[in-house]
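Asker: Take a look at the letters that make up each chain.
There are 2 protein chains.
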Amino acid sequence: MAKSMYLLWGSGSPPCWRVMITLEEKKLQGYKHKLLSFEKGEHKSQEVMDINPRGQLPAFKDGDNIIHESIGACLYLENQYKSQGTKLIPDSPAEQALMYQRMMESNTLSEKIGTVLYYHMLVPEGERHDSAVKRNRENLTAELQLWEKYLENVAAGSYLAGAFSLADVVVYPSLAYAFQYGLSAERYPKIAKYYNLLKDRPSIKATCPQKWFQQEQRAEMLKGI
Amino acid sequence: MAKSMYLLWGSGSPPCWRVMITLEEKKLQGYKHKLLSFEKGEHKSQEVMDINPRGQLPAFKDGDNIIHESIGACLYLENQYKSQGTKLIPDSPAEQALMYQRMMESNTLSEKIGTVLYYHMLVPEGERHDSAVKRNRENLTAELQLWEKYLENVAAGSYLAGAFSLADVVVYPSLAYAFQYGLSAERYPKIAKYYNLLKDRPSIKATCPQKWFQQEQRAEMLKGI
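Those sequence lines, one after another, are chains A and B.
First residue of the first sequence: 1, per my numbering; consecutive thereafter.
First residue of the second sequence: 1, per my numbering; consecutive thereafter.
Simulated from the structure, these hints should not be mistaken for laboratory data.
Treat the hints with care, as some may be off.
Which copy is meant is left open, so a pair is good if it fits within one copy or across any two.
What the hints assert, rightly or not - Once the Cα atoms are required to be at most 30 Å apart in a straight line, the calculated DSS-like pairs of lysine-lysine come out as:
id, residue 1, residue 2
1, 149, 223
2, 40, 87
3, 82, 34
4, 149, 44
5, 112, 40
6, 61, 149
7, 82, 112
8, 44, 3
The structure displayed is predicted, hence computed values, not measured ones.
Construct the complete structure from the given sequences, taking the supplied hints into account.
Answerer: Written out as structure tokens, the structure is:
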């Protein structure tokens with residue numbers, strides 16, 4: 001089944017990582033894939049544009065079925081392979097509600113991280129303001145404080161919505177990304193605990209962006225957040 | 001069952017409307033609800049903040065289960081009440097893939113509409129630039145052209161992912177919103193056809209924001225997009 005699948009991805013991209021974790025958890029190893037370079041602009045290549053007209057990664061196909069929205073791909077894979085590998089959507093109404101809630105809240109988290117990290121890419125030089133940089137950082141701090149609270153009781157086996165679920169698949173890469181860019185484990189101890197509890201999970205270890213290990217020095221863009 | 005549910009909502013908000021359409025489609029009428037006023041800042045009231053710490057609407061509860069992310073609430077309701085009312089997630093892999101894809105792509109559409117409509121609310125006076133306004137409008141035009149293409153073959157019973165599905169529940173309110181703010185039906189004939197094909201669907205008619213009928217003149221903020 002996995003042979004019908006094709007993933008175009010970029011190393012270090014949280015949305016790409018989500019899909020790769022899901023494929024591991026659902027025992028769908030053996031899918032075709034191609035690593036592209038953001039630096040070389042390969043995410044704007046014709047091959048990507050044919051799958052994802054916005055020229056973003058991941059670009060994912062299962063046979064003729066195209067899903068390039070990462071959360072959409074995760075939901076599709078879980079629903080198509082329900083009884084295979086890890087069950088990623090809990091049955092109990094309470095856990096399921098929490099799972100969907102946290103999974104969808106990840107968009108706000110990613111957006112606030114991206115607004116800080118990519119300010120200079122997103123905003124042309126003549127439109128940049130120190131006041132905006134400051135506000136973006138304050139907004140990210142408030143957002144991370146929410147997640148720190150959500151993870152108040154984190155422990156092995158008790159993650160964002162109880163057992164490991166799509167909420168973790170979707171949120172974990174963004175939080176790992178934040179640490180990669182210098183987020184303080186001292187300031188966010190619960191998020192750091194969550195990060196450490198899951199970093200050796202086989203699906204996560206097998207797919208953890210190699211790029212990050214090649215950086216000699218960690219970026220420090222989120223230091224002080 | 002619906003009696004255990006409580007929805008805090010604002011009239012004219014596409015995310016609130018999504019949840020209301022889903023409740024109608026799933027035959028969950030009879031839920032408790034309260035209409036709040038954005039103009040009076042009631043979305044920042046303690047009652048909302050207790051459910052949604054970001055102070056946004058909708059704020060939705062089913063018993064003790066809280067889901068304030070609108071797409072999360074729609075997914076939860078469909079999964080909890082699978083065999084009741086309209087089936088909103090198709091079984092066929094091809095339709096399901098397309099449904100998840102379009103549903104999740106709605107975030108990009110909403111964000112680009114919001115960036116144009118709320119520029120003066122989102123960006124403080126000293127940070128505003130005509131070049132940003134122009135770019136935001138161009139980005140929205142490109143985005144709407146994509147949706148115009150997605151709806152190339154729209155017809156009764158053939159919507160965003162075939163039969164009426166969560167893709168329509170989630171996307172329709174944003175497109176209806178755009179017309180409310182002056183989007184040109186001549187420039188986007190397929191989107192306009194889609195809008196008209198669904199506007200009298202019972203779930204949509206029953207929940208269509210009353211606020212819009214009270215406006216004597218339509219806003220024209222999206223004219224020329």
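Asker: Each hint needs a verdict: does it hold in this structure or not?
Answerer: Verification of the hints:
no. : hint       : result
1   : 149 to 223 : within (20 Å within a copy, 43 Å between copies)
2   : 40 to 87   : neither (37 Å within a copy, 44 Å between copies)
3   : 82 to 34   : within (26 Å within a copy, 37 Å between copies)
4   : 149 to 44  : between (38 Å within a copy, 20 Å between copies)
5   : 112 to 40  : both (25 Å within a copy, 26 Å between copies)
6   : 61 to 149  : between (37 Å within a copy, 20 Å between copies)
7   : 82 to 112  : neither (32 Å within a copy, 34 Å between copies)
8   : 44 to 3    : within (25 Å within a copy, 50 Å between copies)
The structure shown violates the earlier hints numbered 2, 7.
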